[in-house]
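Based on the sequences and whatever the hints tell you, model everything.
Heads up: the protein sequence lines correspond to chains L and R, in order. If you count the first sequence from 1, position 32 lands on 31 in numbering that gives the first Met the number 0, and the numbers rise without skipping. If you count the second sequence from 1, position 223 lands on 222 in numbering that gives the first Met the number 0, and the numbers rise without skipping.
Keep in mind the hints are simulated off the structure, nothing from the lab. Watch out, some of these pointers could steer you wrong.
Derived contacts from chain L toward chain R, CB cut-off under 7 Å, selection only [to be verified]:
id, residue
1, Asn166
2, Thr177
3, Pro264
Every residue gets a Cβ at the ideal spot worked out from N, C-alpha and C, and that includes glycine.
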Amino acid sequence: MTARDDVLDLPREGPLQWRRYGVTIGRAALLLLLIAIWKLGADAAGPMYVADPFKVLERIIADTQSGTLLRHVYVTLRISMIGFVIGCASGVALPFLLRRLPRLTDAVEPYIMASVGVPKYALVPLFILYFGIDDAPKLWLVGLLVFYPVFIAVFAGIRSVDRRLINMARIVGASEATIAREVIWNSLMPFFFAALKIALPRAVSAAIIGEFLVGNEGLGYLIEHSRQNVDTTGVFAGIVIATAIVLIINAVLVELDRRVSAWRPIAREMAL
Amino acid sequence: MADPLLEVRDLSKRFASRAGRGPSPWVIQGLSFSVKEGEFLTIVGPSGAGKTTLLNMIAQIDTASGGEVRFQSEASPLNDPKALNPGLSCRIGYVTQEDNLLPWRTTLQNVLFPLEVQGRLTAETRARADLLMRAVGLADFEHHYPHELSGGMRKRASLIRTLVYDPPVILMDEPFGALDAQTRMQLQEDLLRLWNLGRKTIVFVTHDIAEAIALGDRTLVLSRAPAHIAGEHIITIPRPRDIRGIMTHPEFGALYQRIRAQVQ
Chain L
0 MTARDDVLDL
10 PREGPLQWRR
20 YGVTIGRAAL
30 LLLLIAIWKL
40 GADAAGPMYV
50 ADPFKVLERI
60 IADTQSGTLL
70 RHVYVTLRIS
80 MIGFVIGCAS
90 GVALPFLLRR
100 LPRLTDAVEP
110 YIMASVGVPK
120 YALVPLFILY
130 FGIDDAPKLW
140 LVGLLVFYPV
150 FIAVFAGIRS
160 VDRRLINMAR
170 IVGASEATIA
180 REVIWNSLMP
190 FFFAALKIAL
200 PRAVSAAIIG
210 EFLVGNEGLG
220 YLIEHSRQNV
230 DTTGVFAGIV
240 IATAIVLIIN
250 AVLVELDRRV
260 SAWRPIAREM
270 AL
Chain R
0 MADPLLEVRD
10 LSKRFASRAG
20 RGPSPWVIQG
30 LSFSVKEGEF
40 LTIVGPSGAG
50 KTTLLNMIAQ
60 IDTASGGEVR
70 FQSEASPLND
80 PKALNPGLSC
90 RIGYVTQEDN
100 LLPWRTTLQN
110 VLFPLEVQGR
120 LTAETRARAD
130 LLMRAVGLAD
140 FEHHYPHELS
150 GGMRKRASLI
160 RTLVYDPPVI
170 LMDEPFGALD
180 AQTRMQLQED
190 LLRLWNLGRK
200 TIVFVTHDIA
210 EAIALGDRTL
220 VLSRAPAHIA
230 GEHIITIPRP
240 RDIRGIMTHP
250 EFGALYQRIR
260 AQVQ
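Right, dumping it as C-alpha cells:
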C-alpha cells in the first residue's frame, strides 16, 4: 500500500467517526445552551418567577441528603406504578375478553371510544367525593389515564393479527389459550410498546396532578407546597426531578423494547 | 379394496353473498375424490379454480356449502363454523402457500412449535426434529429468525414443521410456488426423499403440470370454477424418480399433453 492510498483511506473513515462524535457533542452543546438560556431567563425575570439553575441544583443536593426528596420520589413512584399496573392490566385484559365476544364488542365499542373523549382530570373531584382523600382517588386517575392508550393499542393490535398464523396454530393443535399467549400476544408487542411509551410518562404526570390536589407527600405536593410558600426554587427542583424520572423510565422502556423485539428486522436496521 | 383414508364427497362451496350483490357464484361444485393411505396425490388446476379453498375445507379452517369430507370413513360436519375442527385433531397437516412461520421464534423453535402445543416435546421427538433439520440443511440455522432465512429455507422450515408431528395426511398448497426454478427442484427432491422415509399420505395442489407429474402417484385435474374433477391420470413413472431428468422420461411427454388438454 502506498502512502497515497493511506491518504485516500482517511476521509472514508473520517466523516463517519466525526458524524458519530458530532451528534454527542451537539447534544452536550444543546444541553449547555438550554441551561445558559435558563440562567439568563432567571437573571432577567428574577427568582420570584424563574429559579436560578445552580440554586435548584443546590436544593436538590440538600434535599437528597436530608432524605425528604427521596421520600417524595418514593411516594409519587408508588402511586404511579400501582396505578399503572392496574390500568395496564385492565387495558390488556379487556380486549382479550372482548375478542371472544364479537357481538358484545360491536355493541360496546362506540361507548368505549366515546368515553376516550371524557377529560379524565375533570373527574378528580368526583373521585375525591367517592373515594376519599387517601391513595384511592389518585390511583383511579392514574389507572384511567393508563388504561385508555393501552386498551386502544391492544384492541387495534388484536385486530391486526395475521389470521393465517392463527389458522396455522389451530391446525397444529394449539388451544385457544395457547393462541392468545403465543400468537396474539407476540404479534401485538409493537402496539403494546407504543402504548407504554405514552402510558408510563402519563402515569407519573397523573400521580403528580393527583398530589397537587390530595395528600401531603409526593413530588406533586412538593411542587404545589413550594409554590404556596413562594419558594420558586422548590417548584423548579420538583419539576427537574419529575422530568428526570420520566426520562429514566423512557430509557428503561426503550431498552426493554429493544430486547423484546430482537426478532424484528426493522429494529435491527434502525440500530445502524 | 381397503377403504380410502380420505374421501371428499360431492363437496360444494360458495362464499357468503354481500348485501345488494345477489348470490355469489359457486367456487366448487360437486367435487368428489378419494385418497388411499400412503398415496401421493397431486391436483392441478388453473389459478382461481378454488384449489386453496378446497384444501382449507379439508383442513377445516373454512366451511363447506354442501357435501362432506370423510377421514377413515368418519364424516365431519363442515357447514357450521363453530363445529369445525381445524387439522382434525392433528391428523391432517397443512403446508400452506405462505410459510406462516412465527417471526418471533427461531427456526428450531418454529419447527418444535407443534410438538410444544401438543405436549409431545420429548427427547425422542426433539431428536426427530434434529434429524429433519439436518435432512433439509437447516441444522446451521436453527437459531436464526425467519427474516434472516432465504425463501427456500423458510419453505423447508415450514415443511418440516408439519412433518415433525407426523400427521397421517398432509395437505400442501403450492408450497414451492414462489421460489426460483433451481430452489424449487431442490425442494421437490427433498420432499420426495422425506416422503420415501415415511410414505405419508399427501394431497399436493399446484398449477404446475410438470410438478404434478414429477411428484405424484396420481394426478387429478380441476376444472375452472365452479371446480370439479375434469380428469384423472395414474403416473406410472417408477420411483425413485430423477426430478431434474423427469422431462426426458419417455412417458412424461404424453402425460403432459393429456393433462394440459384438460387444464383450461
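- Is the interface hint for L:Pro264 satisfied, with its Cβ closer than 7 Å to some Cβ of chain R? holds (4 Å)
- Query: For the hint on L:Asn166, does the least C-beta distance to chain R fall short of 7 Å?
  - Reply: holds (5 Å)
- Task: Mind checking the CB of L:Thr177 against every CB in chain R and telling me if the closest is under 7 Å?
- Result: For L:Thr177, the interface hint holds, since the closest Cβ of chain R sits about 5 Å away, which is under 7 Å.
Hint violations for this structure: none, all hints satisfied.
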